[in-house]
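As they're listed, the protein sequences go chains Z and V.
The numbering of the first sequence is my numbering, which starts it at 234 and goes up by one.
The numbering of the second sequence is my numbering, which starts it at 234 and goes up by one.
Everything labelled a hint here was simulated from the structure, so no lab data went into it.
Hints are not guaranteed to be accurate.
Covered, in the sense of this in silico footprint (three residues per stretch, anywhere, with C-beta under 8 Å from a C-beta of chain V), are these stretches of chain Z [as the list claims (entries may be wrong)]:
#1 477-486
#2 510-522
Some chain Z residues flagged as far from chain V (calculated, every beta-carbon gap over 12 Å) [what the hints assert, rightly or not]:
#3 A248
#4 G252
#5 D342
#6 G345
#7 G383
#8 D425
#9 D457
Positions of the beta carbon are idealized from the N, C-alpha and C atoms, including for glycine.
Protein chains: 2
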Amino acid sequence: MTTTDATNHQVRLAARPTGTPTPDVWAHTEEPVAEPGEGQLVVRVSHISLDPAMRGWMDDRPSYVPPVGLNEVMRALGAGEVVASSHPDFPVGTHVSGMFGVQEYALSDGRGLLAVDPSAAPMSTYLAALGMTGMTAYFGLFDVGAAKQGDTVLVSGAAGAVGTMVGQLAKIRGCRVVGIAGGAAKCALLTDELGFDAALDYREEGLARRLREATPDGVQVFFDNVGGEVLDAGLTRISRGARVVLCGAISQYNSRERVAGPTNYLSLLVNRARMEGFIVFDFADRYAEAAAEIAGWLREGRLRSKEDVVTGSVADFPATLLRLFRGENVGKLVLQIA
Amino acid sequence: MTTTDATNHQVRLAARPTGTPTPDVWAHTEEPVAEPGEGQLVVRVSHISLDPAMRGWMDDRPSYVPPVGLNEVMRALGAGEVVASSHPDFPVGTHVSGMFGVQEYALSDGRGLLAVDPSAAPMSTYLAALGMTGMTAYFGLFDVGAAKQGDTVLVSGAAGAVGTMVGQLAKIRGCRVVGIAGGAAKCALLTDELGFDAALDYREEGLARRLREATPDGVQVFFDNVGGEVLDAGLTRISRGARVVLCGAISQYNSRERVAGPTNYLSLLVNRARMEGFIVFDFADRYAEAAAEIAGWLREGRLRSKEDVVTGSVADFPATLLRLFRGENVGKLVLQIA
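If we strip away everything but chain Z, and leave its shape as in the complex, we get (with noise of 0.2 Å):
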């Protein structure tokens, strides 16, 4: 099979960004899509997937992955079907979801790949739900958060992609969920739609005041995705050995000045409590695991994988990331290859 006649249009990174990527700092590059030698595969994109983290990886400073080169192919996660294969494990026509880039078509060996199956799920499915997505709302909240029958579970970014899984999976493990988000909307899809037993609009005045009357046990989980006044907000809150998640600080990542520090972070000290960090690639090893359990609650409508899926091309990916950043999807954004 050949993908001879194709053109790859893709998305680079052209600078490093000062606060919000502005269209400057992107490259619309195509080139002609590549010919897999042995052991390698070609994808065509069908979804990419839109994360805060992406942010991170632009700057030039270190993290747990190393920054997106300057002229590279900007860094993403996305699912497809391989159009060209000289893998023995992928064969043409195979669906699968990986580190692909903002790009149509991608050069594999195979390394990170996972097959997927587009007659069990819808696509997009894969990067949400079942994908990184549900990956690391599972792990944070069960692992990390260590949540258990009973507790209080309040999650930030509670209408996002991992803020929508963290408070269903924290619901089918027996917590009271409280979420915060921006907006009357979000909060009444979280309620409404979603079972949150209650949603907090950070845009509203008195947030202190009404996070108070909704956790009247304290929390015993906080799941933070935003960072600054809503983390500091949360902090106030957390009760007798609590343990705080940092998935991510969305509040925070476009920043031009000094990241805002958590003002409240003795509440950690008189209460014994632990705010803790994760990536959540440290879990490959069980992601089997967790899939098959989200698939399994997926199944039984106890679980619903809220996606924000745009149609477009690649082009459209530097406008669409900023949705992310100015609290525009609800669930999980994906930018769907027309």
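Dock chain V against the given chain Z, drawing on the hints supplied.
The following block gives chain V in isolation, referenced to the frame of chain Z:
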């Protein structure tokens, strides 16, 4: 035995301080020494412990213990001798430590009292290495910090009561130990007398660079007594899976501004590290075990109880307390009643 003729001089909290406690927040009172009723005893206090935590006890806000009430005798750990007793376990002549307050004589029902042996160690040592200071260092380092052989342990406030203990205990455990302290004299003490591998003066320029050089393998345990910029500096050096032990934040206790939260807290995320607070009281059922182990190390000469003993009267308590916040003490600050 009677104590009828003696007068008990006391220091009471007369007003809540804003920032650094000024003389007017204290009241100096006297009253007749109480007669012990059935099951009670009276201690003549010979040594009073001065601790950074006292500043927190003076504020009227929820914490791990109730605030000291207005016009109550200031809360303080102390040591002394039983001078009147109707308590079967603590006859006259017994030496004891306990929460006696800033006063010359304390009435007690025996709860929370420990009998101590003045022939085995100086009385001040029962407030230092063999007292709450030693317990704090021991459980904070070994239990919360999980320090193990080969770890690099960073300790801030390293020349203070807890800091001098943490560094020495870490050396006994086989760790590399780096201390942060204020001034060349303290730093020299740490390396020359207490066996620290390196000591950094935070008042000198270039702390970040010097810290990087002193911790080539990163920091696996960061025992923080200081908060503020020192906490932020340490967070830049933590390695994957590190434990940041929150013991105190002496740089922040007298702040009239908001507490400075750790700007570099996202280092916890990328390093899958945790920051955890603790209160030594939670380990009360293991004090005897820890004290026995520490006593052994003292006898063997592997550990020194660094004490800064000021001789005076209870009226000297307010001025002596301020020495802590100016960083004038080396080791455990104790007021010995003349």
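To test your reading of the hints: which numbers does this structure violate? Violated hint: only 9; rest satisfied.
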